[in-house]
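Engineer: The primary structure of each chain is shown beneath.
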Amino acid sequence: MVATHIVESEAPMLDKELDANDLDANNLAEAETTNVDPAKKSTKITSEDIDVYYGEKQALFGINLDIPENSVTSLIGPSGCGKSTYLRCINRMNDVIDICRVSGTIKIDGNDIYDPALDVVELRARIGMVFQKPNPFPKSIYDNIAYGPRIHGLTENKDELDELVESSLVKAGLWKEVKDRLAGPGTGLSGGQQQRLCIARAIATKPEVILMDEPCSALDPIATATIEELIDELRRNYTIVIVTHSMQQAARVSQKTAFFHLGKIIEEGETTQIFTNPQNEKTQDYITGRFG
Amino acid sequence: MTTEHIVTSYEDELASLDSKIAQMGGLTETLIAQSFDALRKGDVAIANNVILDDAKIDEFELEIEDQAVTMIARRQPMALDLRQIMVAIKITSDLERIGDLGKNIAKRVLSIHSEIQPSQLMHGMKSMQDLALSQLKDVLDAYAERNTEKALAVWRGDEEIDAIYNSLFRELLTYMMEDPRNIGLCTHLLFCAKNLERIGDHTTNIAENVHYLVLGTNINEARPKGDNTSRMLINQDD
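Residue numbers (my numbering), protein chains in the order written: chain Z, -19 to 272; chain C, 25 to 262.
Same shape as in the complex, but just chain Z (with noise of 0.2 Å):
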């Protein structure tokens, strides 16, 4: 007996053939709303004609681009592309670097995100993100998801509060391993459940898009597995933008992928497009490995 597939999405892809004939109508609903055509989405973000100077110096120039919802989007290229830059833009962390300007429109269900009138407190609990190094805070675990809810206020009591902790640890696939040290320290988990309890406290302020830069880069391949998995259960109610050095890893998770080089988008298209048949030579040049 084979042991089954951490990412259960290859499971299926592996047996399809065994598979094909019991499948009812729900699985193939089911398949169908997972495996649909990122250009059939609806849009969750756009943004048009994005510039950013540091100072300066300019780091973007002209993005457009097209984020679907419920969906994974990667954005590849090489470092210093701009593609962290870019990630930043959507939730404001840019506003935090002084010599930071952009110009140009992000919307995000058609709301301007860049509208003066717009609260970016706000803004960044509808937009989690989780970074690289998982980063958390020095509090408990049950501290750590709790924060958020408790400065967005979004729970009446100490019950609720609970429930909001146990969902976002279910929903990060971390409740099982925490439920009865959730008074001991976030720091003390092993550094691919930190980055679980990182993606915990994002997703418990209720976002609806959550912002990854390169979440796996720390993390060794088990724990970058477990992450996947959960990348793939996740999509499915949020709008994920994730940013990786690791083509295998945007190949095996996202359903649209942008390469950024110099600043620009050179090319974006469905995931498996991108990396079966690139339209422009250098897409192929880097994702071959023929560039660096």
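Please keep in mind that the hints were generated in silico from the structure rather than gathered at the bench.
Each statement offered as a hint is correct.
In silico negatives: residues of chain Z with every beta carbon more than 10 Å from chain C:
1) V(-13)
2) L67
3) G84
4) K87
5) I88
6) D99
7) R106
8) Q112
9) E136
10) E194
11) P201
12) A205
13) R216
Distance windows between CB atoms, simulated:
14) C/A46 - Z/H225: 29 to 39 Å
15) Z/G133 - C/I30: 45 to 55 Å
16) C/E89 - Z/I131: 51 to 61 Å
17) Z/R216 - C/N252: 46 to 56 Å
18) C/S33 - Z/S197: 23 to 33 Å
19) C/T27 - Z/T256: 12 to 22 Å
20) C/A46 - Z/S197: 38 to 48 Å
21) Z/D160 - C/E87: 51 to 61 Å
22) C/S40 - Z/L98: 53 to 63 Å
23) C/I30 - Z/I131: 41 to 51 Å
For every residue, glycine included, the Cβ atom is placed at its ideal position computed from N, Cα and C.
Keeping the supplied structure of chain Z fixed, place chain C upon it in accordance with the hints.
Structural biologist: Positioned in the frame of chain Z, the structure of chain C alone reads:
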């Protein structure tokens, strides 16, 4: 021309895959030419050689497949590289089948070498073999040059082989009806002709793979189907 990989050994492996396919293709061409030579001359020695040579082609198949699997595991190829490796596996398997079909012709030579072979029939067989062989040569060139135009020409050219096969089929049946003593010989020749027709089909598969390798898309035309023999019946009164 594409730029080179940063990792030189990866570049070398892809080049070695190409060179092995070129060698395997060369062997296959020679084998087909010799199998027909054996048939035309009724030469048992050549036929035996062909049967031995087919084993070399089989070895190449295993070697190329093995290298391809290793490369998938170690390099996790993407885009053009992924297509090249997948296509290498497929082309290799077509070449191996072509080798088998050549060997089958050689085996038949062992059974029919002593019988007189009607020159008119052999003439038709010869033009079919010439065509099959030049198609095979062209498709291997198309692969080596990454030339989709050439691949498409081969793909379209298969119709002609089918046309010759159709007429040979008729001729052979007519011979059998004329004199039942011809049935043994003609049946063997019919299988030889069918083998050449199948070689043409494998050659078109390779052409399709060359197209996919270069452009990442399948040939967007209806395949010309010329083999009508499955629907052919010949009455004595014809």
